[in-house]
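Chemist: Using the sequences and the accompanying hints, generate a full structural model.
Residue numbers (the numbering used here), protein chains in the order written: chain A, 13 to 238; chain B, 13 to 238.
Zero decoy hints are in this set.
Just a few of them, taken from the derived set where beta-carbon distance is under 10 Å, the chain B residues facing chain A:
no.: 1; residue: PRO50
no.: 2; residue: ALA124
no.: 3; residue: PHE150
no.: 4; residue: ALA160
no.: 5; residue: VAL177
no.: 6; residue: ALA236
Keep in mind that the hints were calculated from the coordinates and are not lab data.
The model shown is predicted, which means the values in this text are computed figures rather than measured ones.
We put the CB at the ideal spot given by N, CA and C, even for glycine.
Each chain is listed here by its residues.
2 protein chains.
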Amino acid sequence: MPDTERSRRRPEFRKGRPTLTRERIARAALEILGDAGPAELTMRNVGERLGVSPRALYNYVDDRRDLLGEIVAVCQADRPVPRLDPGDWRDSLRAYCRELRGWYRGHPGMLALARAEDLTPFTSPDMLRADDAVVAFFLDIGLSPAAARRAWSVTVLQVAGFAEVWDTWHDRPPPGAEPAAWTGIPPAASDADLPHLRAVAGAAEAPDELFETVMTMLVAGVEAMF
Amino acid sequence: MPDTERSRRRPEFRKGRPTLTRERIARAALEILGDAGPAELTMRNVGERLGVSPRALYNYVDDRRDLLGEIVAVCQADRPVPRLDPGDWRDSLRAYCRELRGWYRGHPGMLALARAEDLTPFTSPDMLRADDAVVAFFLDIGLSPAAARRAWSVTVLQVAGFAEVWDTWHDRPPPGAEPAAWTGIPPAASDADLPHLRAVAGAAEAPDELFETVMTMLVAGVEAMF
DNA sequence: ACCTGAACACCGTTCAAGT
DNA sequence: ACCTGAACACCGTTCAAGT
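Modeler: This is how it looks when you write it as structure tokens:
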């Protein structure tokens, strides 16, 4: 059997199980993160999910912190690249924000992880390329540098804030909770008099509608910056 | 020495050290939370800060989870009560939002804790009274029930989102970081070409100014709901 | 009544083998 | 080259004493 490949590839499988890689380890960790939250993200649990002893992970990852870095890298890899058209900036901006919100929601638990542990040291310049494009877009439609920066800050704030404050709780409500009130404090005792909250309880809005309301506010806010 | 008090009070001190109470334990935990983050919030660290063995805490607190509940209670106790004047609703709303933001910032680490561990089961109806008042205010200025609810949702979103996305990182930047870019990913390598981000780097705004921009957007957004 | 100290099952991580 | 298993210092929590 001649070796047709120039260099022998790393085998994809080993004893029937797929070979461990940094990425596969990170993906297993992301599954745990989404299913059970950051507290359950332990080396032992990751090993168990991969059918391997916790020690085996250390052949690919320096330590838990290094694993966190790989998780960040895996997430950033599929972050949407902005396709923004200055000629149709309102709808462009909305569309990009929707994509970005979807990306946040597609990685449940990541925002919680970022708050629980400091993930900023893992940021690479590559990850800022999308932000650079957004700033370019705001300059392109005619905003001053100060206004462009402000518009960018507010945009990030709206999308990340919505994903964090609203979607995080709404997408995975705690066991007993109804998605009725704001940050997850609805059930309440029935005897407490909260007449006005009760009066508007029926007027609950789907998160998507609320997001569009926020987008309308954002577009109007940017408009006022010219 | 006759007992002038009807019932003997619990002594305030014991062996020179202040007596343990649920609240004092929770306050020690809050100090750790603010100084070192949720990962350092261990029973052993709380005990150490109070000069007591970790076991001693269990005489006042059922377990770590129960301690988290007491922490929530302590924080909620000094949450600002809205003083909203429908006759001057724009400034009223801004002032309340500023207070609310200040409250969030006054309890650093709480938002991170709320994301890391599920704190929603500890919510009591009492805590919703402030929200009820805000909804009443929006109804009072003439919004429909649906609009009032939307206005309330967006208000919470703006303030909590700002505190979480912006203030959290800005108030305690990670060791090596400059508060230059958005969610804490600024330093970057100098070779990477991020020309537009660089172009607006000088136009950085103080968080307070950015918050007022967000408030202006919020007021305009509410105006559009009539 | 309230404390300490030892102990247990968990965590991250390392060391010394195994194949 | 890559794995397992035992071991260490940590965590939450409990048990059995101490005063």
